[in-house]
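From first to last, the protein sequence lines stand for chains A and B. Numbering of the first sequence is given in my numbering, commencing with residue 55 and proceeding in unit increments. Numbering of the second sequence is given in my numbering, commencing with residue 55 and proceeding in unit increments.
Keep in mind the hints are simulated off the structure, nothing from the lab. Each hint should be verified, as a subset may be incorrect.
[Claimed, not checked] Here are the computed lysine-lysine pairs in the BS3-like style, where the Cα-Cα straight-line distance is at most 25 Å:
#1 A:K167 x B:K183
#2 B:K175 x A:K135
#3 A:K167 x B:K135
#4 A:K87 x A:K135
#5 B:K187 x B:K167
#6 A:K175 x B:K167
#7 B:K167 x A:K141
#8 B:K67 x A:K175
#9 A:K175 x B:K87
#10 B:K175 x A:K167
[Unchecked claim] Not everything, but these chain B residues come out facing chain A in the computed CB check (under 10 Å):
#11 R66
#12 A104
#13 A127
#14 L128
#15 G129
#16 F131
#17 E140
#18 P143
#19 Q146
#20 I165
#21 R166
#22 I186
#23 W189
Idealized CB from N, CA, C, for every residue including glycine.
There are 2 protein chains.
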Amino acid sequence: MPAKDIYHYHVRKALERENWNITHDPLIIPAGKRKLYIDLGAELIAAERADEKIAVEIKSFAGLSDMSEFHDALGQFIVYKIALAEKEPERQLFLAIPQDVYEDFFDDPFIRKVISMNEVKLIIFDHQKEEIKAWIQ
Amino acid sequence: MPAKDIYHYHVRKALERENWNITHDPLIIPAGKRKLYIDLGAELIAAERADEKIAVEIKSFAGLSDMSEFHDALGQFIVYKIALAEKEPERQLFLAIPQDVYEDFFDDPFIRKVISMNEVKLIIFDHQKEEIKAWIQ
Numbered sequence: 055m056p057a058k059d060i061y062h063y064h065v066r067k068a069l070e071r072e073n074w075n076i077t078h079d080p081l082i083i084p085a086g087k088r089k090l091y092i093d094l095g096a097e098l099i100a101a102e103r104a105d106e107k108i109a110v111e112i113k114s115f116a117g118l119s120d121m122s123e124f125h126d127a128l129g130q131f132i133v134y135k136i137a138l139a140e141k142e143p144e145r146q147l148f149l150a151i152p153q154d155v156y157e158d159f160f161d162d163p164f165i166r167k168v169i170s171m172n173e174v175k176l177i178i179f180d181h182q183k184e185e186i187k188a189w190i191q
Numbered sequence: 055m056p057a058k059d060i061y062h063y064h065v066r067k068a069l070e071r072e073n074w075n076i077t078h079d080p081l082i083i084p085a086g087k088r089k090l091y092i093d094l095g096a097e098l099i100a101a102e103r104a105d106e107k108i109a110v111e112i113k114s115f116a117g118l119s120d121m122s123e124f125h126d127a128l129g130q131f132i133v134y135k136i137a138l139a140e141k142e143p144e145r146q147l148f149l150a151i152p153q154d155v156y157e158d159f160f161d162d163p164f165i166r167k168v169i170s171m172n173e174v175k176l177i178i179f180d181h182q183k184e185e186i187k188a189w190i191q
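All chains should be built: construct the whole structure from the sequences, respecting the hints.
What follows is the structure in structure tokens.
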């Protein structure tokens, strides 16, 4: 099972502060043949508030290359979105990223275009304050 | 600059055996702000044959988790495709994968669905024989 992101618990806490009820951590999504299960969704948090249901993929972008992290985050987002659409179409998927990464790397017009074309919904968080700064749909 | 895939030269050789002329290795695609350039396309090979132009992303899937490699390969493919569409719309992008990975991991109906929904074109290669076994569009 993949390791949790370094900001996993910061984002979980930030969601709880906005009255989200964490229902699954990890959220395992059955998809494909059995051997895929263990890898798919292991890094997702599922939460509910009133009648809203979300799944949150967390990426700190703490690695050596923002572009490599972005490839990985985007690929995961797309795979999770297709798996969720099959199993839980009412659950909205978000990619949670740190505020400084959003203001720097995601500010690039090319990255914004890729995000927009792939309908990636973002949660921007401040890991130090354990707060959500913005929901971008 | 990211490291080349372990089968980079095997695929390059396989393309040459099918009379493709390698024109760029790496193929650098200008996209976004300057700082993105160095990372984008560094793992791509560009080739031409008659009036066909292709760019090839190579993934050996030699890492610990096929699913993690798949996230990364898919994210890269989508980013490269958007960048190529801006700069060289006539160049077709392919993801080159080993035959055993195609027959095992890519055989999963869920993976096939993701590939199809994202219009990922595949080159299947035999790294030992340095041969292309199939082009799947």
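Hint by hint, here is what the structure shows:
The hinted pair formed by A:K167 and B:K183 fails the criterion: a straight-line CA distance of about 40 Å is larger than 25 Å. For the hint linking B:K175 to A:K135, the alpha-carbon distance of about 20 Å falls within 25 Å, and the restraint holds. Annotation: proposed proximity of A:K167 to B:K135 holds, straight-line Cα distance about 12 Å (limit 25 Å). This hinted pair checks out: A:K87 and A:K135 have alpha carbons roughly 17 Å apart, not beyond 25 Å.
About 22 Å separates the Cα atoms of B:K187 and B:K167, which keeps this hinted pair within 25 Å; it holds. Taking the CA atoms of A:K175 and B:K167, the gap is about 22 Å. The hint holds against a cut of 25 Å. Restraint check for B:K167 and A:K141: the C-alpha separation of about 14 Å stays at or below 25 Å, so the hint holds. Between B:K67 and A:K175 the alpha-carbon distance is near 41 Å, which puts this suggested pair outside the 25 Å criterion.
Distance restraint check for A:K175 and B:K87: the Cα-Cα separation of roughly 22 Å lies within the 25 Å cut-off, and the hinted pair is therefore satisfied. A threshold of 25 Å between alpha carbons decides the hint, and for B:K175 with A:K167 the separation of about 22 Å falls inside it, so the pair holds. At a threshold of 10 Å, the smallest CB-CB gap from B:R66 to chain A is about 21 Å, leaving the interface hint violated. Interface hint at B:A104: violated, since its Cβ lies 31 Å from the closest Cβ of chain A, which is beyond the 10 Å cut-off.
Because the beta carbon of B:A127 sits about 7 Å from the nearest beta carbon in chain A, less than 10 Å, this interface hint is met. At about 4 Å, the closest approach between the beta carbon of B:L128 and any beta carbon in chain A falls short of 10 Å, and the interface hint on this residue holds. Below 10 Å, beta-carbon pairs count as interface contacts, and B:G129 has one with chain A at about 3 Å; its hint therefore holds. Of the supplied interface hints, the one on B:F131 holds, with its beta-carbon coming within about 8 Å of a beta-carbon of chain A, less than 10 Å.
Evaluation of the B:E140 hint against chain A yields a held restraint, the C-beta minimum of about 8 Å falling below 10 Å. Annotation: interface hint on B:P143 violated; nearest CB of chain A at approximately 15 Å, more than 10 Å. Here the hint on B:Q146 is broken, as its CB sits about 18 Å from the closest CB of chain A, past 10 Å. For B:I165, the suggested interface contact is upheld, since its CB lies about 6 Å from the closest CB of chain A, less than 10 Å.
Because the smallest distance between the Cβ of B:R166 and any Cβ of chain A comes to about 9 Å, under 10 Å, the interface hint for this residue holds. Taken as an interface hint, B:I186 does not check out: its beta carbon lies about 24 Å from the nearest beta carbon of chain A, beyond 10 Å. The interface hint given for B:W189 is broken, as the beta carbon of that residue sits about 22 Å from the closest beta carbon of chain A, more than 10 Å.
Violated hints, in rising order: 1, 8, 11, 12, 18, 19, 22 and 23; the structure is consistent with all others.
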